[in-house]
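Please arrange chain B on chain A, whose structure you already have, making use of the hints.
Residues per chain, in single letters:
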Amino acid sequence: MNLSLKDVCRFLNAETICGEECLDRLVTTVYASDMMSDVLTFPREQSILITGLVNQQVVRTAEMIDLSAIIFVRGKRPDTVAVELARRLGIPLLVTRKTMFESCGLLYGNGFSSVYNEGE
Amino acid sequence: MAENANNGQKNVPVLKLSFPITGKNFGAAGEASSRIKGTLQKIGVAPQIIRRVAIVAYETEMNIVIHADRGELTLTVNPDCIEIVAADSGAGIADRELAMQEGYSTAPDYIREMGFGAGMGLPNIKRCADKFDLQSEPGKGTTVYVRINLPG
Numbered sequence: 014m015n016l017s018l019k020d021v022c023r024f025l026n027a028e029t030i031c032g033e034e035c036l037d038r039l040v041t042t043v044y045a046s047d048m049m050s051d052v053l054t055f056p057r058e059q060s061i062l063i064t065g066l067v068n069q070q071v072v073r074t075a076e077m078i079d080l081s082a083i084i085f086v087r088g089k090r091p092d093t094v095a096v097e098l099a100r101r102l103g104i105p106l107l108v109t110r111k112t113m114f115e116s117c118g119l120l121y122g123n124g125f126s127s128v129y130n131e132g133e
Numbered sequence: 176m177a178e179n180a181n182n183g184q185k186n187v188p189v190l191k192l193s194f195p196i197t198g199k200n201f202g203a204a205g206e207a208s209s210r211i212k213g214t215l216q217k218i219g220v221a222p223q224i225i226r227r228v229a230i231v232a233y234e235t236e237m238n239i240v241i242h243a244d245r246g247e248l249t250l251t252v253n254p255d256c257i258e259i260v261a262a263d264s265g266a267g268i269a270d271r272e273l274a275m276q277e278g279y280s281t282a283p284d285y286i287r288e289m290g291f292g293a294g295m296g297l298p299n300i301k302r303c304a305d306k307f308d309l310q311s312e313p314g315k316g317t318t319v320y321v322r323i324n325l326p327g
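From first to last, the protein sequence lines are chains A and B.
FYI, in the numbering used here the residues of the first sequence are 14 to 133.
FYI, in the numbering used here the residues of the second sequence are 176 to 327.
If you are wondering where the hints come from, they were derived from the structure by calculation, not from laboratory data.
Any given hint could turn out to be false.
Cβ-Cβ distance ranges computed for the label pairs, FRET-style [stated by the list, open to error]:
id	chain 1	residue 1	chain 2	residue 2	range
1	A	Ser127	B	Ser264	36 to 44 Å
2	B	Pro222	A	Ser127	16 to 24 Å
3	A	Ser126	B	Lys315	40 to 48 Å
4	B	Ser264	A	Glu34	43 to 51 Å
5	A	Arg23	B	Asp270	33 to 41 Å
6	A	Gly65	B	Gln223	26 to 34 Å
7	B	Gly314	A	Arg100	42 to 50 Å
8	B	Gly278	A	Arg90	24 to 32 Å
9	B	Lys306	A	Gly88	22 to 30 Å
10	B	Ala221	A	Asp37	22 to 30 Å
If the Cβ cut is set under 7 Å, some of the chain A residues that face chain B in the computed set are [stated by the list, open to error]:
id	residue
11	Thr54
12	Val67
13	Asn68
Now the stretches of chain A that chain B is said to cover, found in silico as 3 or more residues with beta-carbon under 8 Å [as the list claims (entries may be wrong)]:
id	stretch
14	21–34
15	75–89
Just so you know, even glycine gets a beta-carbon here, dropped at the ideal spot from N, CA and C.
Next up, chain B with everything else stripped away, as it sits in the complex:
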């Protein structure tokens, strides 16, 4: 039967893209997020969903650029949701609760002079997500997972 043949395959990804992100490369920062946004526009995702994905992608991309040496940003478009995973091998987050607090930032002064370090990154990401997960280990790195449900 068709249902059994499709067992465990209900949510086959429509599209998956991965972007390597280089730490401290402010010239290229935002390019991955821009490509993610452009791709979603091309495949006809609703503008309000694209905006949420764009904010998540850009904030996670900037976090990697600001706080890590390297990382990877992955977009997966499924039939019922979009997933974004941002993983880096940076210093990790020592105090997760503090990191989620609006206004708290560990960004150095030269970063703040560029307009970052407002301490709104993780709160903004969480606000845009239907599901948000943050895994981090000091000295090892950080992975942020976000799922945004698609309507219908």
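Chain A with its partners taken away, still in its complex shape:
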């Protein structure tokens, strides 16, 4: 089953802040965290990050491990510096009003995988 950012938007009723042209990107794995060094522990292809952290270092973290997109939860929006950085780097930013718990549950239940499995 090939899932894309479009599907993520649909499941989370998410709005695009920037990167509308990238919504066909395929997505396989999801990371949910507010701690950036935890995110850097498991770099994976075709991965997205769900977070409540809205500073520009989230965008830098995404840049370092080539994340396909960042989804901000609970309607939180990054500042203009972060958005401009994401635009420049080609990293789509999405926002959902859902909580992190619900967002994770919806994506997990609809076929997205974790970035790592226990015991790896």
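Okay, now just chain B, sitting in the frame of chain A:
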């Protein structure tokens, strides 16, 4: 003979870049790592290698920004490996073993609120390295050395 003429020069660096890092400057934090990543992409380094270098560069750059007043991040691309050296004149690391423990962090609360201080920085750096060395002296500073081998 060509071999003798080249004696001790087998590993001449292809490229060397140095970036000064200013402590507590969170607006600029990550720029040096971004430039390192962009440079490696331009010269055609394999994506998996670039990712490891990027993680090392970013984690060491953030460590300098978070824990020191100033430091320097240096990238050296050799024919057979990439080296990253991150040196600062910060407070140094009092307990090295503790610093390498996953989850342990000395970052203050305001840093944790920014999403750092997970205590995964040094473990992440070591995991990405083929060779890792940490030198530190309390009161003097810290130097992290990483080598990542290039395939072939």
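Right, here's what the structure says about each hint:
no.	hint	result
1	Ser127(A) - Ser264(B): 36 to 44 Å	holds (41 Å)
2	Pro222(B) - Ser127(A): 16 to 24 Å	holds (22 Å)
3	Ser126(A) - Lys315(B): 40 to 48 Å	holds (46 Å)
4	Ser264(B) - Glu34(A): 43 to 51 Å	holds (45 Å)
5	Arg23(A) - Asp270(B): 33 to 41 Å	violated (49 Å)
6	Gly65(A) - Gln223(B): 26 to 34 Å	holds (30 Å)
7	Gly314(B) - Arg100(A): 42 to 50 Å	holds (43 Å)
8	Gly278(B) - Arg90(A): 24 to 32 Å	holds (30 Å)
9	Lys306(B) - Gly88(A): 22 to 30 Å	violated (46 Å)
10	Ala221(B) - Asp37(A): 22 to 30 Å	holds (25 Å)
11	Thr54	holds (6 Å)
12	Val67	violated (10 Å)
13	Asn68	holds (6 Å)
14	21–34	violated (count 0)
15	75–89	holds (count 4)
The structure shown violates the earlier hints numbered 5, 9, 12, 14.
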